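Protein chains in written order, with the UniProt record's numbering: chain S, 1 to 255; chain L, 1 to 255; chain P, 1 to 255; chain Y, 1 to 255.
Hints were generated in silico from the structure; no laboratory data involved.
Quick caveat: nothing in here was measured; it's all calculated off a predicted structure.
Each residue gets a CB set at the ideal place from its N, CA and C atoms; glycine is no exception.
A portion of the hints provided could be inaccurate.
What the hints assert, rightly or not - Just a few of them, taken from the derived set where beta-carbon distance is under 10 Å, the chain S residues facing chain P:
#1 Leu65
#2 Pro100
#3 Asp101
#4 Lys103
#5 Leu106
#6 Pro107
#7 Pro109
#8 Asp133
#9 Val135
#10 Leu136
#11 Lys139
#12 Ala153
#13 Ser157
#14 Lys162
#15 Met164
#16 Ile171
Protein chains: 4
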Amino acid sequence: MLEVGGKTFQSRLFTGTGKFSSNSQMEEALLASGSELVTVALKRVDMENPEEDILNYLKHEHLQLLPNTSGVRDAKEAVFAAQLAREAMETDLLKLEIHPDPKYLLPDPIETLKATEELAKLGFKVFPYIHADPVLCKKLEEAGAVAVMPLGAPIGSNKGLKTMDFLEIIIEQSNVPVVVDAGLGAPSHAAHAMELGADAVLVNTAIAAAADPVAMAKAFKMAVEAGRMAYEAKLAPVQQHAVASSPLTSFLDQL
Amino acid sequence: MLEVGGKTFQSRLFTGTGKFSSNSQMEEALLASGSELVTVALKRVDMENPEEDILNYLKHEHLQLLPNTSGVRDAKEAVFAAQLAREAMETDLLKLEIHPDPKYLLPDPIETLKATEELAKLGFKVFPYIHADPVLCKKLEEAGAVAVMPLGAPIGSNKGLKTMDFLEIIIEQSNVPVVVDAGLGAPSHAAHAMELGADAVLVNTAIAAAADPVAMAKAFKMAVEAGRMAYEAKLAPVQQHAVASSPLTSFLDQL
Amino acid sequence: MLEVGGKTFQSRLFTGTGKFSSNSQMEEALLASGSELVTVALKRVDMENPEEDILNYLKHEHLQLLPNTSGVRDAKEAVFAAQLAREAMETDLLKLEIHPDPKYLLPDPIETLKATEELAKLGFKVFPYIHADPVLCKKLEEAGAVAVMPLGAPIGSNKGLKTMDFLEIIIEQSNVPVVVDAGLGAPSHAAHAMELGADAVLVNTAIAAAADPVAMAKAFKMAVEAGRMAYEAKLAPVQQHAVASSPLTSFLDQL
Amino acid sequence: MLEVGGKTFQSRLFTGTGKFSSNSQMEEALLASGSELVTVALKRVDMENPEEDILNYLKHEHLQLLPNTSGVRDAKEAVFAAQLAREAMETDLLKLEIHPDPKYLLPDPIETLKATEELAKLGFKVFPYIHADPVLCKKLEEAGAVAVMPLGAPIGSNKGLKTMDFLEIIIEQSNVPVVVDAGLGAPSHAAHAMELGADAVLVNTAIAAAADPVAMAKAFKMAVEAGRMAYEAKLAPVQQHAVASSPLTSFLDQL
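Bound-form chain S, shown alone (with noise of 0.2 Å):
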């Protein structure tokens, strides 16, 4: 069971709203995944027209909002998109996304952990999108992150752990729980991401871009819950010369 923010997660698979084709296919991608926490940007949620608006498609009492200020530029944005999103959405939690470049979206580590402080000491849950920067994720977990979201890759890429060599220090150093976000483009991906100790996984692109939304998203389910078992499980380690899974000897001699 994952403890995170103070809320307790059966599911360490995230997820996000984005990139659906209908609010509808979203809401039953959603529910097949597992997904108990779900991020809904707050430019998304449409306060004039309740009746068409996504957190209509999100009511279900498994199902965790975790607003995210996706389009500020910076943390005096993020702070104010952040107190809106508070009250639009009744709860603490927040995924802080500051990402200037509109051409990869990469997340600005300066004003990522300046709104950090801030949100931290305004009583947010901050959940904070950023690089694979082990030496930032400490100074996110310091200024009171509650998790840390290091990228795998691009957002929307789908080129899966770029990273690897990052996330494996940031999950050696972090006592917060470490959440790969962005670029994770397959179910093998997350698995991967689970192996290596990551504690949860957040996918969007990946399902939402899917032929079929709704099987990829029971497919990540599956994998991400592979993971797990691999990482508790142990994996054999990796061997430089062949072992033979069965005992080799030229038995046929003793015919």
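Please build the complex by placing chains L, P and Y on the supplied structure of chain S, with the hints as guidance.
For chains L, P and Y alone, coordinates are given in the frame of chain S:
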């Protein structure tokens, strides 16, 4: 549902029986894996002490035996061993393994093709274990193999899909099921093979040498199912540039 | 010709001075490398025993010193060390290294940006050593850095370009020279960095810890030149399908 | 100095002659490469128009021709083509290429071994082009091949050393020179192959299809020399933990 050698299988995880610390641990792990096809080295069958025999632990209705010729050094020995195996294990299915080299246990392409031709004529359903060589795979198919079993990495190395570029070609070209064998060291590796379109995988060392083989078997079970489901649901494409999960606008400007 | 910090360099191989078995071996290797920019830790300068001092071995007209702040833990210490270094080594050039973590020696993004701002105002030509974080690189450039020095892998690991996907983005976006620093363990790694479009590389451990540091220095020299030349000559694109080098016809039919 | 097939070579860069935009461009690039062994497809030799013939551009004292059998589909055709080539190009050296598949041009292990046996008996110095299959390489050596030419990736793909794990085993086990052929798309790939201990590399597409083939040829020349030199100077080992280039002490405390 997978069809191969005239049999049908719900599970796409094939398993091996070597390296477990006891026969009862092996039995428990194989049951947890959900595997329906289990390979057994002829040389490990103890025809003189039937009570201690490994086969006693494999007597489950859903388990199909796949005898293997591990330990033979050429086609002639393989054909002889195959005939003994057919008698001892009462099946025409045969995993053909010819690896003269004791250090890396890599398969011999020439003797394997020769033995496949002969064994197919003798009515065997041959599953040859071979290098991930696309031309050789086509020749084996033409020689009557019911499946091909290219390696992912040297046996027991747990290195994963080191032959990926060639497995993709093999899968694209094959008219018989492709079973990735050897080198799969983690559930994520197995999921990856399935995502590429492999029909099944064979895992032994990674389960048997895990700290908890029974849990690891279950992890592989889920990973294989996840990978297959993802293959069928079609993965989203890899992108060079980031693609935001949520529409990017400087929404705060509008507040 | 590379221009950086108001200097011009024929060689795009920057070098370090740590870990050599003797000062004279270091001198010989640096001369063999053709390097024109050599980084020296201020803490290694022995101001009390000038005859034994490392600087005596670096007195060659073509060698420009690049003092570094290795050993400092924050911006304040870095600024102090920089001023000592400017005096001791009589140059405005400064490699800024702030790594509080003694295990992996990874750089601190926050303190590095802060120190860069201050040092640029004090007239230093700052070369900050940092994680391969594209957003941070842009901020350092805006703060007045004359170059950015993203890491390829943890210092001394010899793992190569583990940050490749992010180096490509940094190179694409940077208006100042990009020098790949740390982790380059083989000439092929250095060539690869140059093929991607890096302006230069910095190598230390891979030369100093080779069995033959002088020969390895020469190998890196050639590899860097090869990589730069290939970048300028533009690599042929990667192809999914094979493309024959010679026209494929069943020419024998015509004989 | 490399010895193979009774000849000695200063250069460990072997080259091909396909895909250049003109014969004179080819000649210029080959001269820039420093290569002393150049492969030519028999089918490209124009016996009826000797003035236009490719061989006219290869008449340099330091250039040894290596005829190849590209275009043949089996051992029988290969033996016939080899005999024509020996006559036309006046050399016993022969690059044996048998690739029945027109899409990926991957070599046929069975026919290649068969042809090698026959050609060795006929006095040819056979360089077989094959998959990176360690067992097959040993068989070819036993059949009389003077070198083995395992592929790095499919011909013309420029993907680099996709077969690295197997090349390492081949190099470890071989008693004849190992020449990595096919797939090397950048000087860094060639340097990497040499660092692993390959005796030589063969490059064609990456030079011929570069924007500037002459400069690219020179880049490969330097990279191959760099890689060989690094192999001989012995690379420093890969480390899991960072190792500082300079001794780490909080030296400022002492000031």
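Tested hints:
About 27 Å separates the beta-carbon of Leu65 of chain S from the nearest beta-carbon of chain P, more than 10 Å, and the hint is not met. The restraint placing Pro100 of chain S at the interface with chain P holds, with a minimum CB-CB distance near 7 Å, inside the 10 Å limit. Interface hint at Asp101 of chain S: satisfied, since its Cβ lies 6 Å from the closest Cβ of chain P, which is below the 10 Å cut-off. Interface hint status for Lys103 of chain S: upheld, as the beta-carbon distance to the closest one in chain P is roughly 8 Å, under 10 Å.
A least Cβ separation of about 5 Å between Leu106 of chain S and chain P falls short of the 10 Å threshold, and the interface hint therefore holds. Interface restraint check for Pro107 of chain S: the shortest CB-CB distance to chain P comes to about 7 Å, inside 10 Å, so the restraint holds. Contact between Pro109 of chain S and chain P, as hinted, is supported at the beta carbon level, the nearest pair being about 5 Å apart and thus within 10 Å. This hint holds: Asp133 of chain S has a C-beta 5 Å from the nearest C-beta of chain P, less than the 10 Å allowed.
Evaluation of the Val135 of chain S hint against chain P yields a held restraint, the C-beta minimum of about 5 Å falling below 10 Å. Interface restraint check: Leu136 of chain S against chain P, minimum CB-CB distance 6 Å, threshold 10 Å, status holds. For Lys139 of chain S, the shortest C-beta to C-beta distance to chain P is roughly 6 Å, which falls under 10 Å, so the interface hint holds. For Ala153 of chain S, the suggested interface contact is upheld, since its CB lies about 6 Å from the closest CB of chain P, less than 10 Å.
A least Cβ separation of about 8 Å between Ser157 of chain S and chain P falls short of the 10 Å threshold, and the interface hint therefore holds. Because the smallest distance between the Cβ of Lys162 of chain S and any Cβ of chain P comes to about 5 Å, under 10 Å, the interface hint for this residue holds. Taking 10 Å as the C-beta cut-off, the interface hint given for Met164 of chain S holds, the closest approach to chain P being about 8 Å. Interface restraint check: Ile171 of chain S against chain P, minimum CB-CB distance 13 Å, threshold 10 Å, status violated.
Comparing the model with each numbered hint stated earlier shows that hints 1 and 16 do not hold.
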